[in-house]
Amino acid sequence: SQQGEEDPQALSIQEGENATMNCSYKTSINNLQWYRQNSGRGLVHLILIRSNEREKHSGRLRVTLDTSKKSSSLLITASRAADTASYFCATVSGGSNYKLTFGKGTLLTVNP
Amino acid sequence: EPEVTQTPSHQVTQMGQEVILRCVPISNHLYFYWYRQILGQKVEFLVSFYNNEISEKSEIFDDQFSVERPDGSNFTLKIRSTKLEDSAMYFCASYFDRTSGGANTGELFFGEGSRLTVL
Numbered sequence: 001s002q003q004g005e006e007d008p009q010a011l012s013i014q015e016g017e018n019a020t021m022n023c024s025y026k027t028s029i030n031n032l033q034w035y036r037q038n039s040g041r042g043l044v045h046l047i048l049i050r051s052n053e054r055e056k057h058s059g060r061l062r063v064t065l066d067t068s069k070k071s072s073s074l075l076i077t078a079s080r081a082a083d084t085a086s087y088f089c090a091t092v093s094g095g096s097n098y099k100l101t102f103g104k105g106t107l108l109t110v111n112p
Numbered sequence: 113e114p115e116v117t118q119t120p121s122h123q124v125t126q127m128g129q130e131v132i133l134r135c136v137p138i139s140n141h142l143y144f145y146w147y148r149q150i151l152g153q154k155v156e157f158l159v160s161f162y163n164n165e166i167s168e169k170s171e172i173f174d175d176q177f178s179v180e181r182p183d184g185s186n187f188t189l190k191i192r193s194t195k196l197e198d199s200a201m202y203f204c205a206s207y208f209d210r211t212s213g214g215a216n217t218g219e220l221f222f223g224e225g226s227r228l229t230v231l
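Residue numbers (the numbering used here), protein chains in the order written: chain X, 1 to 112; chain Z, 113 to 231.
Keep in mind that the hints are not guaranteed to be accurate.
[Claimed, not checked] In silico lysine to aspartate or glutamate, DMTMM-like type, Cα no more than 20 Å apart, as pairs:
#	chain 1	residue 1	chain 2	residue 2
1	X	Lys26	X	Asp66
2	X	Lys104	Z	Glu171
3	X	Lys104	Z	Asp175
4	Z	Lys195	Z	Glu165
5	X	Lys70	X	Glu55
6	Z	Lys154	X	Asp7
7	Z	Lys169	Z	Glu180
8	X	Lys104	Z	Glu224
9	X	Lys69	X	Glu53
10	X	Lys56	Z	Glu219
11	X	Lys26	X	Asp7
12	X	Lys104	Z	Glu197
13	X	Lys104	X	Glu17
14	Z	Lys154	Z	Glu113
15	Z	Lys154	X	Glu5
16	Z	Lys190	Z	Glu156
17	Z	Lys195	Z	Glu156
18	Z	Lys195	Z	Glu171
19	Z	Lys154	Z	Asp198
20	X	Lys26	Z	Glu156
21	X	Lys26	X	Glu5
22	Z	Lys190	Z	Glu219
23	X	Lys69	X	Asp7
24	X	Lys104	Z	Glu180
25	Z	Lys190	Z	Glu171
26	X	Lys70	X	Glu15
27	X	Lys104	Z	Glu156
28	Z	Lys190	Z	Glu165
29	X	Lys69	X	Glu17
30	Z	Lys190	Z	Glu168
[Unchecked claim] On the chain X side, residues computed to face chain Z include the following (Cβ under 10 Å):
#	residue
31	Lys26
32	Asn30
33	Asn31
34	Gly40
35	Arg41
36	Arg50
37	Tyr98
38	Thr101
Simulated from the structure, these hints should not be mistaken for lab results.
Idealized CB from N, CA, C, for every residue including glycine.
This is chain X alone, in the form it adopts within the complex:
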């Protein structure tokens, strides 16, 4: 799999349900970030988790990181129709240049 590869590719749920998206990566990382993209719009940063952290919360978002498995998950609780968007994980690896490497994304559809 490629650096920052999400699954599932598409997820459809009902409003009020929880949505879980997973991300796997191949190389060691400095941090991992999740971004959201509404259709045809820019990327909005949701949450960042550092390589020495295992779990982080922000509002209805919960991110976990397992560096031994090189994987992360994003949980959105009590989903709303407005959460419908594509969600991308992006990794930052070590080195002198700070850059994000994105995965292919998960398209989340929350049905009202």
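Dock chain Z against the given chain X, drawing on the hints supplied.
Structure of chain Z alone, referenced to chain X:
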């Protein structure tokens, strides 16, 4: 809240024409980036720019591409001779507020993108 702005929002051009996409990063940021996203695909890194020079570029960023920061506020991406496969959404991003006193969170701030259609 400060934001990254990009112009134009949409540009249609003929194959072989030159295109310049413009970005105004967040002031006081030090790192600047261009990414592109072909419709329905992943967001791909093109180039990063720091201290008035390219710090890293991807294989996509060939001799047809160039970047400039001509006046301390704008950050431009030029495609000299566009190809059909250059059709994509191009995103500018900036990072690291040098005045933040160490409060940078590590996130990149992205613009809304410039959609380029090459006919």
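Do the hints match the structure? See the list:
For the suggested pair X/Lys26 and X/Asp66, the alpha carbons sit about 12 Å apart, so the restraint of at most 20 Å is met. Note on X/Lys104 and Z/Glu171: the hinted pairing holds, with a Cα-Cα distance of about 18 Å set against a maximum of 20 Å. Straight-line distance between C-alpha atoms of X/Lys104 and Z/Asp175 comes to about 26 Å, which puts the hinted pair past the 20 Å bound. Restraint check: the Cα-Cα separation between Z/Lys195 and Z/Glu165 comes to about 25 Å, which exceeds 20 Å; the hinted pair is violated.
Simply put, X/Lys70 and X/Glu55 have alpha-carbon atoms about 14 Å apart, close enough for the 20 Å limit, and the pair holds. Between Z/Lys154 and X/Asp7 the alpha-carbon distance is near 13 Å, which keeps this suggested pair within the 20 Å criterion. For the given pair, Z/Lys169 sits about 14 Å from Z/Glu180 by alpha-carbon distance, which is consistent with the 20 Å threshold. For a cut-off of 20 Å, the pair hint linking X/Lys104 to Z/Glu224 stands: about 19 Å separates their Cα positions.
Between the alpha carbons of X/Lys69 and X/Glu53 the distance comes to roughly 14 Å, so the proposed pair stays at or under 20 Å and holds. Using a Cα cut-off of 20 Å, the hinted pair X/Lys56 and Z/Glu219 holds, with the two alpha carbons roughly 15 Å apart. With a C-alpha separation of about 15 Å, the suggested pairing of X/Lys26 with X/Asp7 holds against the 20 Å cut-off. Distance hint between X/Lys104 and Z/Glu197 is fulfilled; the C-alpha atoms sit about 19 Å from each other, no more than 20 Å.
Of the supplied pair hints, the one linking X/Lys104 and X/Glu17 is violated, its CA atoms being roughly 23 Å apart against a limit of 20 Å. Of the pairs offered as hints, the one joining Z/Lys154 and Z/Glu113 is violated, with about 27 Å between alpha carbons and a cut-off of 20 Å exceeded. A threshold of 20 Å between alpha carbons decides the hint, and for Z/Lys154 with X/Glu5 the separation of about 10 Å falls inside it, so the pair holds. Only pairs whose Cα atoms come within 20 Å are accepted, and Z/Lys190 paired with Z/Glu156 is accepted, the gap being roughly 17 Å.
The straight-line distance between the Cα atoms of Z/Lys195 and Z/Glu156 is roughly 17 Å, inside the 20 Å bound, and the hint therefore holds. With a C-alpha separation of about 16 Å, the suggested pairing of Z/Lys195 with Z/Glu171 holds against the 20 Å cut-off. Under the criterion of a C-alpha separation no larger than 20 Å, the hint pairing Z/Lys154 with Z/Asp198 is consistent with the structure, at around 14 Å. Note on X/Lys26 and Z/Glu156: the hinted pairing holds, with a Cα-Cα distance of about 17 Å set against a maximum of 20 Å.
The hinted pair formed by X/Lys26 and X/Glu5 meets the criterion: a straight-line CA distance of about 9 Å does not exceed 20 Å. Between the alpha carbons of Z/Lys190 and Z/Glu219 the distance comes to roughly 25 Å, so the proposed pair goes past 20 Å and is violated. The suggested pairing of X/Lys69 with X/Asp7 holds, with an alpha-carbon distance near 15 Å, which does not exceed 20 Å. Restraint check for X/Lys104 and Z/Glu180: not satisfied, since their Cα atoms lie roughly 29 Å apart, outside the 20 Å limit.
Between the alpha carbons of Z/Lys190 and Z/Glu171 the distance comes to roughly 16 Å, so the proposed pair stays at or under 20 Å and holds. Only pairs whose Cα atoms come within 20 Å are accepted, and X/Lys70 paired with X/Glu15 is rejected, the gap being roughly 30 Å. The suggested pairing of X/Lys104 with Z/Glu156 holds, with an alpha-carbon distance near 10 Å, which does not exceed 20 Å. Pair hint Z/Lys190 plus Z/Glu165 holds up; C-alpha atoms about 15 Å apart against a cutoff of 20 Å.
Restraint check for X/Lys69 and X/Glu17: the C-alpha separation of about 27 Å exceeds 20 Å, so the hint is violated. As the CA atoms of Z/Lys190 and Z/Glu168 are separated by approximately 16 Å, the hinted pair is consistent with the 20 Å bound. The interface hint given for X/Lys26 is broken, as the beta carbon of that residue sits about 15 Å from the closest beta carbon of chain Z, more than 10 Å. The beta carbon of X/Asn30 comes within 8 Å of a beta carbon in chain Z, closer than 10 Å, and the hint placing it at the interface holds.
At a threshold of 10 Å, the smallest CB-CB gap from X/Asn31 to chain Z is about 6 Å, leaving the interface hint in force. Among the interface hints, the one on X/Gly40 holds; its C-beta lies about 8 Å from the nearest C-beta in chain Z, closer than the 10 Å criterion. Evaluation of the X/Arg41 hint against chain Z yields a held restraint, the C-beta minimum of about 6 Å falling below 10 Å. Checking X/Arg50 against chain Z: minimum C-beta separation of about 8 Å stays under 10 Å; hint holds.
For the restraint placing X/Tyr98 at the interface with chain Z, the shortest Cβ-Cβ distance is roughly 6 Å, inside the 10 Å limit, so the hint holds. About 7 Å separates the beta-carbon of X/Thr101 from the nearest beta-carbon of chain Z, less than 10 Å, and the hint is met.
Figure legend: structure checked against the earlier numbered hints; hints not met, in rising order: 3, 4, 13, 14, 22, 24, 26, 29, 31.
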